[in-house]
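**Q** Take a look at the letters that make up each chain.
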Amino acid sequence: MLTLAASLTAEVVPMSLSTVVQTLAEHSEADRICKLLQWVYTGRWESPSAPLGQSFIGQVLPELVKRTPSYDVLERRLYQAAASLNKPERYKQVAAIILQTCAVLYSSKSPTPSVEPMPREILTGFAEDPTEDFAQTTTIAQRDRFELRHRVMQQVPPLKVKILLFSVLRHPFSFEALDWKELKTQSLDIWLAELIQTFPVIEVLEKKLFTQAAELKGLDQATQIADAIVQSVRLETT
Amino acid sequence: MKPSNPIQEKTVISDSQTLIQMYKRGVRNFQSQSLRNLDLRGLDLINVDFSHSNLSGSNLSLAYLHRGNFRDCHLMHAQLDGATLNQANLSEANLRDSSLHGASLQGAILFGADLGLADLTDANLIDADLRAANLCSANLQGACLRGANFREESLVNSTTLQGAILDNADLRGANLKGANLDRASLKKANLAYANLRGVSLKNANLEGINLEGAVLSDVDASDANLSGAHLKDSKLERINLSRGNLAKANLGGASLVDAKLSYANLKEANLRGAKLTRSDLSHACLQSADLTDSAPIRAYLARADLSYADLTRANFFGAELSSATMIRVIFFDTTLPDGRISSS
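Here the protein sequences come in this chain order: A and B. Residues in the first sequence are numbered from 1 upward in steps of one, following my numbering. Residues in the second sequence are numbered from 1 upward in steps of one, following my numbering.
Accuracy of the hints is not assured; some may be wrong.
[To be verified] Listed next, the in silico PhoX-like pairs over lysine-lysine satisfying Cα-Cα at most 25 Å (straight line):
# : chain 1 : residue 1 : chain 2 : residue 2
1 : A       : LYS184    : B       : LYS202
2 : A       : LYS181    : B       : LYS24
3 : A       : LYS217    : A       : LYS184
4 : A       : LYS181    : B       : LYS177
5 : A       : LYS184    : B       : LYS187
[Claimed, not checked] Reference excerpt, derived from the structure (chain B facing chain A, CB under 10 Å, subset only):
#  : residue
6  : THR84
7  : ALA123
8  : ASN124
9  : ARG146
10 : GLY213
11 : SER227
It should be emphasised that the hints constitute simulated quantities derived from the structure, not laboratory data. Each residue gets a CB set at the ideal place from its N, CA and C atoms; glycine is no exception.
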């Protein structure tokens, strides 16, 4: 356990924060630091083409520290997030780097307030490093949401598409009242947009859909539905 | 020899299991049966004939009902969420207050069907026949209606969509001629190249709608909200947009010949290259509107507010501009009502 530096109030002192941000941005593992911070903060994994850097750390880190004002909680979150990735040992080292650098921002005298829950994706172990699993990746180019919806709808009933998307983006659909309610309050358009935003790389999206389709109980032709979505997205990208 | 009909002669269908067993044995004809409140969820009932039957309150969610015959069938309050009804015949069926959320009705015949208050959110109605259908207060949010036919047969039989919700719906290329869409909501819907000739859109909400290339001749859209609408190259001859809200709408290249736009709000609207011959823009607000290359020939602009508008190369020959407000208007090669060119 690292010892904490001189005390601070519950409010982060900007000077220390900017130093912390700069230190992390200039570190040799800066790229992985950004990815892990993003993963902890939003539950989303950034593709390599996304702009990450000092400005990104400067935006995310203060917010993350605000949400986890206790060092212990930050430590737990970072290590839990690292453990959910494909290369946990490597990312545990990255977590240690972040913690060592951020230690100066925490005070042993600060009470531990209630914290915001971690993104569901980390809790359910819903994690991958998409760019490290595939030799070649294709980023989805979204052009016309009407066109995408039209293509998908023509092949499979829209409600079944929503059930599969729910299962990929939330949890396996239970067919209980609460899940039906959540499913129906969001339109197919929004579900498709969320899918693409969460998995902007086609290869990862394809894997997620087919894996969930194979495991999902109670939905006929789930694999066909997954295929319809993937093919429609591919056509949008070509 | 006339084939026997075992249903009418002997069998009373009182529960789902009986029906399922009969279907498995090859029976398809279930005409004129009382089949209320049955649980038929997820079943394969392709080519089934339920015409003239009463299926009110039944649950057919996620069922396979391709090419089924539901003509004159009672399906009030029925659950058909996610059901597959492609090419099904639902003509004159009563689907009032039924739930068809995310159902697939591609190519289905809904001629004269009653879908009042029905939930058709995210439904697939591509190429569906909706002539003379009643869609009053139906919810079609996010539905896809490309190629759907609403075409008017007669005044009595025009499709009614009064108060319907079609936000985000896809009606690209649809034929809605003569339909009644008073008070309907079509926010951000896509009606590019659709035919809306003679449609009634009074008090409708068309905010952000895409009507690029659409035909809206002789439409009554008085008091409608078209703020931010895309009407590029659309045909709006003789349209009534009195008191309409067209703030920031894109009307570039649109034909508004003989249109009624009195008291309309066209603030910051894009009217580049628009044809406004003989249009009535009396009392209209055209503040900061872009009328570059437009042709308001013989247009009536009494008491219109053109403050800060861009009138570059606009042609106002014969127009009535005498009582219009013209604060800091941009004149450049602008043709004035008397034919002179002004660049002041």
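**Q** Taking the hints in turn, state whether each one holds.
**A** Here is how each hint holds up against the structure:
1. About 30 Å separates the Cα atoms of A/LYS184 and B/LYS202, which puts this hinted pair outside 25 Å; it is violated.
2. Using a Cα cut-off of 25 Å, the hinted pair A/LYS181 and B/LYS24 is violated, with the two alpha carbons roughly 34 Å apart.
3. Among the hinted pairs, A/LYS217 with A/LYS184 is consistent with the structure: their alpha-carbon atoms are about 19 Å apart, no more than 25 Å.
4. Simply put, A/LYS181 and B/LYS177 have alpha-carbon atoms about 36 Å apart, too far for the 25 Å limit, and the pair is violated.
5. About 19 Å separates the Cα atoms of A/LYS184 and B/LYS187, which keeps this hinted pair within 25 Å; it holds.
6. A hinted interface residue such as B/THR84 counts as satisfied when its beta carbon comes closer than 10 Å to some beta carbon of chain A; here the least separation is about 5 Å, so the hint holds.
7. Proximity of B/ALA123 to chain A holds as hinted, the smallest CB-CB distance being about 7 Å (cut-off 10 Å).
8. For B/ASN124, the suggested interface contact is upheld, since its CB lies about 4 Å from the closest CB of chain A, less than 10 Å.
9. For B/ARG146, the interface hint holds, since its Cβ comes within 10 Å of a Cβ in chain A; the closest pair sits about 6 Å apart.
10. For B/GLY213, the interface hint is violated, the least distance from its beta-carbon to any beta-carbon of chain A being 15 Å, above 10 Å.
11. With its C-beta approaching chain A no nearer than about 20 Å, B/SER227 sits outside the 10 Å limit, and its interface hint is violated.
The structure fails to meet hints 1, 2, 4, 10 and 11 from the earlier list, while all remaining hints are met.
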